[in-house]
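Trainee: Residue strings, one per chain:
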Amino acid sequence: MDIDVKNLHPLEVRLLRHVASGEDITTDRIVKELDYKVGQCNQAFSWLSAKGYLVEKRRSNRVLYELTELGREQQEKGTPAQRIFALLQNEGPLGLPQVAQRLGLEKSDVGSAFGQLSKAGVCAMTGDNQAQVLKEELPADVLGAAALLKRGLSGQLDEASLSNEDKQIMAKIAKKRGAAGSPFKVVEREEIVYTLTEAGGQARQAVFAANITGEELGAVTVQMLATGAWKNASFRPYALNAPTSRLIPGRRNPYGSYLQWVKDKLCSLGFEEFDGPLVETEFWNGDALFMPQFHSARDIHDVYYVKNASHCKKIEEPWLSQVARTHEDGWTTGSRGWGYAFDHEFTRRQVLRSQGTVLSAHQLTKAKVPGKYFGVVRCFRYDQVDATHGADFYQTEGIVLGEDVNLKTLLGLLKMFAEEIAGAEEVKYVPGYFPFTEPSIEVHIKHPVLGWFELGGSGIFRPEVTKALGIDVPVLAWGLGIDRMALMHLGLNDLRELFTPNIESVRMRRGN
Amino acid sequence: MPKIEVQEDLFYDLLGKKYTDSRLEDIFPVAKAELDGHDVDEKIIKIELNDTNRPDLWSAAGVARQINAYTEGGAPLYDFFSTADETFDSEGRSLIVDESAKDVRPYSIGFAAKGKVVDEPILLALIQSQEKLCWNFGRKRKSIAMGIYRSDLIKYPVHYKGADPDTTHFVPLGMDEDLTLRQICEQHPKGKEYGYIVADKPLFPYLYDDNGDTLSFPPVINSARIGAVEVGDENLFIELSGTELHDLLLCASIMACDMADMGFDILPVKVVFPYDTEFGREITVPYYFQKPASCPLAQVRKTLGEPITGEQAVESLKRMGVYSVYDQTDDAIYATVPEYRNDFLHPVDLVEDVMIGYGLSNFAPQMPGDFTVGRLSAAEEFGRKIKEIMVGLGFQEMMYNYLGSRKEYIDNMHVGGDDYIQIANPMSENYEFVRPSIIPSLLESESMSGHAPYPHDIFEVGKVAFLCPEDNSGTTTRNYLGFFCADNVMGYNEASSYVNTLMYFINREYFLADLDGDTRFIPGRCAAIMVGERKVGYFGEIHPAVLESWGCSMPSIACELDLDLLLE
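So the sequences go chain by chain: U and C.
For the first sequence, position 296 (counting from the first letter as 1) is numbered 296 according to our numbering, and the numbering increases by one without interruption.
For the second sequence, position 32 (counting from the first letter as 1) is numbered 32 according to our numbering, and the numbering increases by one without interruption.
Keep in mind that the hints were calculated from the coordinates and are not lab data.
Be aware that one or more of the hints could be misleading.
[What the hints assert, rightly or not] Taking lysine to any residue pairs in the SDA-like style, the calculated list, with each CA pair at most 20 Å apart, reads:
1) U:K415 - C:A364
2) U:K307 - C:G212
3) C:K142 - U:D343
4) U:K408 - C:I308
5) U:K313 - C:L467
6) C:K155 - C:A224
7) U:K428 - C:G305
8) C:K3 - U:E454
9) C:K161 - C:G212
10) C:K302 - U:K313
[Stated by the list, open to error] Computed footprint of chain U on chain C, listed as stretches where at least three residues anywhere in the stretch have a Cβ under 8 Å from a Cβ of chain U:
11) 260-270
12) 421-430
13) 437-448
[What the hints assert, rightly or not] So the derived label-pair ranges between C-beta atoms look like this:
14) U:E454 - C:K43: 21 to 31 Å
15) U:D329 - C:G212: 51 to 61 Å
16) C:E48 - U:K265: 22 to 32 Å
Nothing here was measured: the structure is a model prediction, and the numbers come from that model.
Even for Gly, the Cβ is constructed at its ideal location relative to N, Cα and C.
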C-alpha cells in the first residue's frame, strides 16, 4: 500500500506513533494518554478511519455519573445528613422544624436525612420531639456518599470504577431523568473501541520510517518568526491537494469583456467610437435612412413609441428640409424620391432607437473624410422576448467614408472583420437588402465552431441618405451580428442570459 | 421579410427543370432569396425573400423568372401591356369607378385571365400572392387589397362605388347569411380583422357587376358566389383596390406576369375613373407606367470599383431580366424597367443589378486604403477606469436590460416615477418603462440571488434615461455607475468608504450633503455626493420597506453616480 505520510495530520501522526497493533483504542484512552481534547480525538478517529487505518472493533455502553448543581452544592456545604449531624453535635437537641430553619433546608429533605441517620442508630428523637445525637461517628453510607461527591468533582465517574458498596450508594443519589433534585445525573454513553488495521500498522511503520513525530511546525506565526523558534524545528509538509476554499473575486462581466474586446479590435482597425441617446426621433430612426414613412418596419408593431415625451421640439436644419425633399422628389440626390408628402409631424415623434444605423446617420452630419466610425449600441425592438430575441440588445455598426471606397473595398472590409473578429475560415458574400444601402451585401462566414452563418449586413449608403445629410463621398455602412459569437464564447445558448440578473450565474461564467 | 411556400412541381415547371436543394441554395442569392426548407413529403419548398422593395419576387413565378433570366440571359417579354401610347382592346370588359368612391378608397383596377384550368397548386399560388402583396406590400390591405373572381359569372361592366354600409348587403364568402357591410365588419372574421380600415368612413367600398351581383366588399371580403374561385375554374377576374394607384398597377402587373408564366392568357380591362388620376381617367390594365432608368457608366465603375465596359453592364442587366442599351456618346446605360418592377429610384439601383448580374464572386475584395485613427469615446475610456476600480474593490460587474415594469421601477422602489420614460405601446407590462436608474436592476439581482454566497458586491456601468424638459427631446440619456452591497453587516459607513475610495482614485474632490425625501433610503442614512455646486450622485442604506417589496433579507446599500457629470 502506498502511504503518503504528508497527508497525515499531526493528530493522526501522534496517535499512530502511540498505539500498537492489536491494542484497544478509545476516546478515553487517547484523551488521557495523549492529552487530546475529545473533539481532536474524534477528528483523528474519523480521518484515520476514512483512510482505512482504523477499524471499529466493538461498541459498548458505558454508564457515567455526573455531578449536578445540587451535587456541587452538597459537596461544598456537606450533605443534609452531614449538616444535621454537625448541627446537633454542636448545639444539642433541636426540633426538626428548627433544624430545617437553621440549615435553610426543605423540611422534607431534613426529614429524609434524619430518617437515614436514625435508621443507622446515629441519631434519635427524644420524648419531647427533639432530635439528638447518639453516636460520635456518621454512618458508612453517608460518608460513602460524601466521598463520591468529592470524586465527582474531577469529572464523570465511570460505573466500572466504582466498588460494589459505592454502586449501592450511587443508586440512591443518582437519577437518569429529573436529576435536578439529586446530586448525580446518570449519563449513558456508547463507546466505540477501535483497533489498527493492517494498513494502519503499515502507516505506523511509515511514520516511524519518515521520522515524523507530529510535533513539526504548522502555520508560520508572527511569534515563531519573532522568537526564532523555527530554527530548531522542522516544518510539517502540507497535503498539496487539500480541498481549497471558495473565493469570490471582484470581476468583469464576461459579456462586457467580450464587447470591450470587439471595441478594441475595431479601434485597432482605425475606427472611432460613437454613441448616442436611447430616445430617438422618427426622423433619425427612419426618415434620415430614407425609409419611407409608410414603410412596414416603421409600424406600431415594430417600434416602441415614447408615451410621455412623444415628440421632440424641433429637428435640426438643414437636415430636416433636405431629408423631406429627398423623400418627396429626390431633391438633388439624383433620385426620384418616394413620391409622397413628407409628414413633418410624424417625423418629430419619438421612439426607442430600433437600429444602430441611426447613430451612423447622426455621425454623417459631423464626420470627417476620410473617416471610419463604429458604435456598439443598445437597440430596442418590438418583439416577444425569447431565447433569440431580447427586449433590448447590442448592435455593432459602423461606417467608412472616403473618396475611393467602393464595392471592392466593402468586400475587403467585411473580409477583415470576418477574419479578425470572427476568426472565419471561409467568407462568402451574397446580395442583400436594406432600405438605406444600395448595393447591399450580406457576409456569411464559416466559423470553426458554429459553421456557416450570417455575420452581418452591409452596403453602400444610398445617395438619398448621404447627400441629404451633407456628405458627397461614398459611405460604406456595416453591421455585425456579434451576439451569436458572444454566446458561443460564453458557452450559452439563450440571448436572455447575456443580461441575466442572477449573481451566481454571472460570477461563475467564464469565456472559452 | 416575406416568406413563401411554393408547390414543388409548379416551381420546377416554372423553372423549366428540376433543381437539387443545393443548386437552389447556390442560385437563390440572385433573387435575394434563401432556401428556408424543403418538405419532401408535402412537396413544398419554403423560400425567404430579403428584398422588401421587390414584391415581384414573392411568388414561385417571380423567383423562377429571376433565376431563369440569370441562367438563360434574359426574361420573357409580355405582350399584353397597354401604355400611354398604345391601348389594347378590352373587348367590352370594363370597370367603372363611381364618384362616391373618391373619399372612401379612390382606386379600383382589374384585368381578366383565361385559358388555364385552375388546379390546386395554381389556386394556392394565387392565394399566396394575394396575401403577400396585400399584407407585406399593401400595408396589411390598407393601401392594397386584391380579389380574384369567377369571370364567367360576371356581367360587365363591373362597378365600384362607395356604398351605404347599412343598406348594402350580400352573402360573404365563408358564411351562409346575407349581411350588411356593417354587419360583416362586426360579425365576419375578416370583417373583424380588416373592417377598421374603412370603419370611420360614411360609405364603404363596394364592387358589383352590371346585374347588381356582388363581387366584394373591398378590402374585407368577397361574395360567396362570384368571389368563390375553386379548382376547375378557367376564367378569372382580378381586381385590386386601394389608395396608391401606381402600387395597384404594379401589383396588377406582377399578378398578370405571374399568371402568364403559369399559362393563362391575360385579357385587358378598361378602367374608367370619374376623376383625374396620374395616368388619366381611362386606364387599360395591365398598364405599363414605368419610366426608363439610366446610369452613367462612370458611376457603375466608381461604385463597384471595377472597370466594367458598357457591353458587360448591358449583359449583366440582361441576366437580371432588365433590357438596356449602352450609349457611347453619353457613356451611359439606358434601361427599360420590367413591367413587374418599380424599384429603380436612383441610378445606384441599376448599379446593384449590374453587380448581381456580373456575379458578386467576380469582385476581388480590396482593403480600404485611407489611414484613419482609431479611438474610443471619452465615456468609454472613463467607464473602463471606473470598472477597473470597482473590480479592484471586489465588485462583480453585472449587465442588465434597459426596459422594465412599473412594479420594478416604481412600486418596489417606493417612488412616484414622474420623470420616467414610459412606452406608449408596450408589448408586455414587463417592459413598459426605460430604466431611470441602475438601482432597481441591482435590487432585482439581490432579490433572486439569496442562494449565492454573501457578501454580494455588484455594480454596472450603463445607461439610464429619464424625462428632461430642457432637452430638445424632452429626455436625457446618461452614463451611470450603480453599485450595491448586501451582507449580514452592511451600512452607511461601508457605502461611504467605497464612495471615498472611488472618488480618490478618479481624483475628484467631493463633499456630502443631506439627501432629503428620497424614500428609497433610510432617512438620515443617505447622502448626496456633491462636486462643487453640483450633485453628481447619491448613496445610502436601502430602506427596509424597499427591501421588503423586493423580498430581500439582507441589509443593503446602494450608490449611483452620473459619470457624464464627473467627466465634464
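Trainee: Is 51 to 61 Å respected by the C-beta to C-beta distance linking U:D329 and C:G212?
Mentor: violated, 44 Å
Trainee: Tell me whether the statement that chain U covers the region 421-430 of chain C is true, taking a Cβ distance below 8 Å and needing three residues at minimum.
Mentor: holds (count 9)
Trainee: Given as covered by chain U, does the region 260-270 of chain C meet the bar of three residues or more with CB within less than 8 Å?
Mentor: With 0 residues close enough to chain U, the hint is violated.
Trainee: Please verify whether U:K408 and C:I308 have alpha carbons no more than 20 Å apart.
Mentor: holds, 13 Å
Trainee: Taking only the CA atoms, is the gap from U:K415 to C:A364 under or equal to 20 Å?
Mentor: holds, 11 Å
Trainee: Is 22 to 32 Å respected by the C-beta to C-beta distance linking C:E48 and U:K265?
Mentor: Given about 31 Å between the Cβ atoms, the range holds.
Trainee: Decide if the proposed pair is consistent with the structure: C:K3 and U:E454, CA atoms, cutoff 20 Å inclusive.
Mentor: holds, 18 Å
Trainee: Between C:K161 and C:G212, does the CA-CA distance stay at or below 20 Å?
Mentor: The given pair, whose Cα atoms are some 12 Å apart, holds under the 20 Å limit.
Trainee: If you draw a straight line from the CA of C:K142 to the CA of U:D343, is it 20 Å or shorter?
Mentor: holds, 18 Å
Trainee: Need the status of pair C:K155, C:A224: alpha-carbon distance at most 20 Å?
Mentor: Cα-Cα ~16 Å, so holds.
Trainee: For the region 437-448 of chain C, do at least 3 residues have a Cβ located nearer than 8 Å to some Cβ of chain U?
Mentor: With 5 residues close enough to chain U, the hint holds.
Trainee: Just to be sure I understand the hint, the distance between the Cβ atoms of U:E454 and C:K43 should be within 21 to 31 Å; is that true here?
Mentor: Distance hint for U:E454, C:K43 holds at roughly 28 Å.
Of the numbered hints listed earlier, those contradicted by the structure are 2, 10, 11, 15.
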